[in-house]
Amino acid sequence: MTKQTIFTLEWKRFMRRPAARLALLVWPALLLFAAWNGQQFHAQKAAQQAQLKNKETSYYAAQEALLDSLERGWKAADELPWYEQPSNPLVVGAFRRAGVYQLKPPPAMAWLSIGQADVYPDHYRTGMLSLSAATSVSLENPYHQAIGRFDPAFLLVFLLPLLLIVLGYDLLSADREGGTWPLLQAYAGAPQRLLAVRGLLLWLFAGLTTLLPLLAFGLFTQSLAFGAFAALALAVSAYALFWTGLAAWVNTMGRSSAINGLALTGIWALLLFLLPAAVNTLINSLYPMPSRMSQVAARRTADVQAELAHPDLLDQWYAQHPEIERLPEDQWTWAEYWRHNFINNTYKDSLMQAANQPFEASLQERTALLRKLQYLSPAIVMNECLLRLAAVSQEDFSAFKAQAQAFKTTWHDHFAAFFWERRDLSLQDLQNRPDPSPAAPAAPQPGLWIALVLWGLLPVALSVRQRA
Amino acid sequence: MAILTFKKEWALLWRDGRVKWSFIGLLLLAAISCWLGYRQQAELAQIHEESTRQVRAQWERQGDKNPHSAAHFGTYVFKPVSPLWFFDQGVDRFLGTTLFLEAHVQNDMAYKPVEDDTVLGRFASLSPAFLLTFFLPLLIILVAHGALAAEREGGTWRMVRAYNRHFAAWFFGKWSAYAALAGLLLLGVFAIAAVFLLLQPEGGSYLPALGALGLSYWLYALVFLNFTCLFSAWSRQRATALVSSIAFWIIACFVVPKVTGIIAEQRYPTPTYSEFREAIEKDLQEGVDGHDPFNEAAEKLKQQTLEEHGVEDLADLPFNWAGFIMQRGEEHETTIYQTHLDRLKQTHQQQNRLHRNLAVLSPTGLLQQLSMDLAGSGMADYYRFKDEAERYRIELVGELNQDLTDNFKYGDWQGKRGAEYFATNVAFRYDLPDARERLRPQGGSFLLLLAWGLALWLIAFGAAKNSKV
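Protein chains in written order, with the working numbering: chain A, 1 to 468; chain B, 469 to 937.
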């Protein structure tokens, strides 16, 4: 019998199975629903971000128009109190409605995963004195965060292996138990040939029923990035290959279908729950996060310390700047008040930085260890690949935070220069204010995909070795 | 007949190495997770105590300040962990335990532990509650999937049906063996948990809550047992029963709670953070703002107060107008914040109720909520703490405003208070709800789980009785 005939007969046999028919209907539907849900989540964020940006744009347009009319003499400057003057660097750089939004817009295929996007901020509001992080997601029920999201990443990482287990746990054992094994051998020849054909069919079935609906969704919603989709196809193929290979390997052991099913479910539970939980526990034990309660207390101490040091700081500063007259408190204008505020803030920031340092260091150590241990389970690697494709990994948010902090300095320095030089802003100065660029994705990690392919090939190699 | 079948099934179960090792493995994992949870809890309790002491000292030694400046300086309160927290950490990871209290504003809890966790924390957590919620059903499926299908596969089903008169006793005997196995495992896990509970001061008073947790998990396990028996009755082969039971497990444990979450969000949508804040800001503008003397409501109140006291100037009032208006503003702000937060709380409660009601499709959501509420790591505890903290904020800020009103002259913002005064200010004290308070609202959930178990038992029995030979 030719390979082609075996392939055709086996395909027919495979598609006659109720589980396969059910999977053909249910699995793509689940994927489409999950993709829709993922898209809804990110669309809500994008809409929220657009609203914030509009608010910012209209605020600065109004300030520019006001400054323009002041410069043209259409309006007299003394009609406005100092805290409404658009030429005042503090008014347009630091005060209540001033400041810009730094955004982390979702990439084209963000619907693949919600990942850490429901925890970490997707925008920062930057002013001269503040950098406040916020997330655009709704004030949602924390129970929903605790149970996790129904997004394609959940289906691909957790349920795709189960689909393959359900369809592949009896690749050979069913025939052994049903008494059709000798007959099969008579027409198909060596068992390895049959196993290879069945494994290939299963892999193709899983791959196609997974990738085609996602491709259709991307095309239909015009949210497909071809590079990202190719990377997704590679990840799905490698991950599906791992579980198909595992099912094939377990079948080569010659045990009953029930035992095969149990063994595969056990491996699934081990790789998807127990191992990640154990790795997480190990990370927490080796690099425990210092308590945030202690951090609050430390920051508070810094706060009090800065306040108590305020008079000394002013003494020092005025001693270093003899050209500036130190006025008594009852003669202070807004300029003195804010000058003192800036002097104090610089000192306070340095204290806060010291209070935050152990946390930042611990976070970095934990992430570094995780990056080493993640290769222990293909499920963790697969999850990480999907997080990267949707730009919702821990690294993506860390990169965004670093970018936001760097921009805060740029923004601060731009306006602070005018404040310290006691210069007013011109319309051109205001228009030339720094503009934040949207968050750049974290550096690509081809190692993840290579690791996933290697994981995929491992059980295939084991099956070949077992049969040999 | 029932006892004989029970004995035979019990002996067979323990002869099966897979059952024995899975049982031991799960028990061991549960013990390790209890220990890890306890260790973390003890550390948290210690930090909680130290930090509470430290922020109080910081409050008292904040330096010389005007009382209202002190109200702006604010203070922190920390949510303590309940003695059963080590068993189920519930939603605490997503809520944070630190709350900043200050004048005019009701802040959100800060520093959610999930923000510090690695991405693996979203995969799974090694807590006893997690293990029992997801892996106890899997153990039940492992041992019971062949309950009836194996008889059919082995050719003994005909013999069983031949004694039709005793079928109910036979079925009950077999079922009891699996139920007893689940019970024995839970007894082991909860005995270990009881040890860790009793190691804590006042832990003993939470034993009834731990007992209720044990009962809930057993009822939950029985629901899965009954489902497995049902699939076993419907299947010709053990493998089919196994695969169907696992499929049900996936749907019940993973798919239904997540999909219910989507339905709940669609049906009872929560506002976005900025929508929520904007709505509060809008309402705040319609009342007294203590810091804005030109505010319309403040101006109206000023005129009214001047008339009431028959004076023309604020300085002639028998009290400090600044403190008075600050307090009035505070009262208005509190009402506004409370209204919006109550609305949000109500939405979350409606969503949680939907999870409970949809327990008809899966008992997992029901059990998770029951478990975290009993362990003191659910939404009920969070809101209880927030309400207490808000009561404290109102009291503290009220005390400071009263001092400003009674003891300072109008316009005297330079007047200050020192450490001696701040040491007399009210301190925050939070008592955790006792076991009885935790148990009282859970009656409905218990009954629902019980009803689930009973109805399914009858269905499974009916399916077994009517299945063809």
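Don't read these hints as lab results, they were simulated from the structure.
Being a predicted model, the structure only gives us computed values, none of them experimental.
Among the hints, a few may not be true.
Short, incomplete list of chain A residues facing chain B, as computed with Cβ under 8 Å [unchecked claim]:
(1) A46
(2) L52
(3) E56
(4) Y60
(5) Q145
(6) F150
(7) T281
(8) S291
(9) T346
(10) Y347
(11) T367
(12) L370
(13) I380
(14) L430
(15) Q431
All C-beta atoms, glycine included, are put in the ideal place defined by N, C-alpha and C.
Verification of the supplied hints:
1. A least Cβ separation of about 12 Å between A46/A and chain B goes past the 8 Å threshold, and the interface hint is therefore violated.
2. Evaluation of the L52/A hint against chain B yields a held restraint, the C-beta minimum of about 7 Å falling below 8 Å.
3. Hint on E56/A is violated. Least Cβ distance to chain B is approximately 12 Å, over the 8 Å limit.
4. The restraint placing Y60/A at the interface with chain B is violated, with a minimum CB-CB distance near 18 Å, outside the 8 Å limit.
5. Because the closest C-beta pair between Q145/A and chain B is about 5 Å apart, less than 8 Å, the hint holds.
6. Against a cut-off of 8 Å between C-beta atoms, the interface hint on F150/A holds, since the closest Cβ of chain B lies about 4 Å away.
7. With a least beta-carbon distance of about 5 Å to chain B, the hint placing T281/A at the interface is held under the 8 Å criterion.
8. Using the Cβ-Cβ criterion of 8 Å, the hint placing S291/A at the interface with chain B is satisfied: the shortest such distance is roughly 4 Å.
9. Interface hint status for T346/A: violated, as the beta-carbon distance to the closest one in chain B is roughly 20 Å, over 8 Å.
10. For Y347/A, the interface hint is violated, since its Cβ never comes within 8 Å of a Cβ in chain B; the closest pair sits about 15 Å apart.
11. For the restraint placing T367/A at the interface with chain B, the shortest Cβ-Cβ distance is roughly 7 Å, inside the 8 Å limit, so the hint holds.
12. At its closest, the beta carbon of L370/A sits 5 Å from a beta carbon of chain B; the interface hint therefore holds under the 8 Å criterion.
13. The interface hint given for I380/A is met, as the beta carbon of that residue sits about 7 Å from the closest beta carbon of chain B, less than 8 Å.
14. Given the 8 Å rule on beta carbons, the hint for L430/A is violated: about 25 Å separates it from the nearest Cβ of chain B.
15. The criterion of a C-beta within 8 Å of any C-beta in chain B is not met by Q431/A, whose closest approach is roughly 27 Å, and the hint is violated.
Hints 1, 3, 4, 9, 10, 14, 15, counting from the list given before, are not met by this structure.
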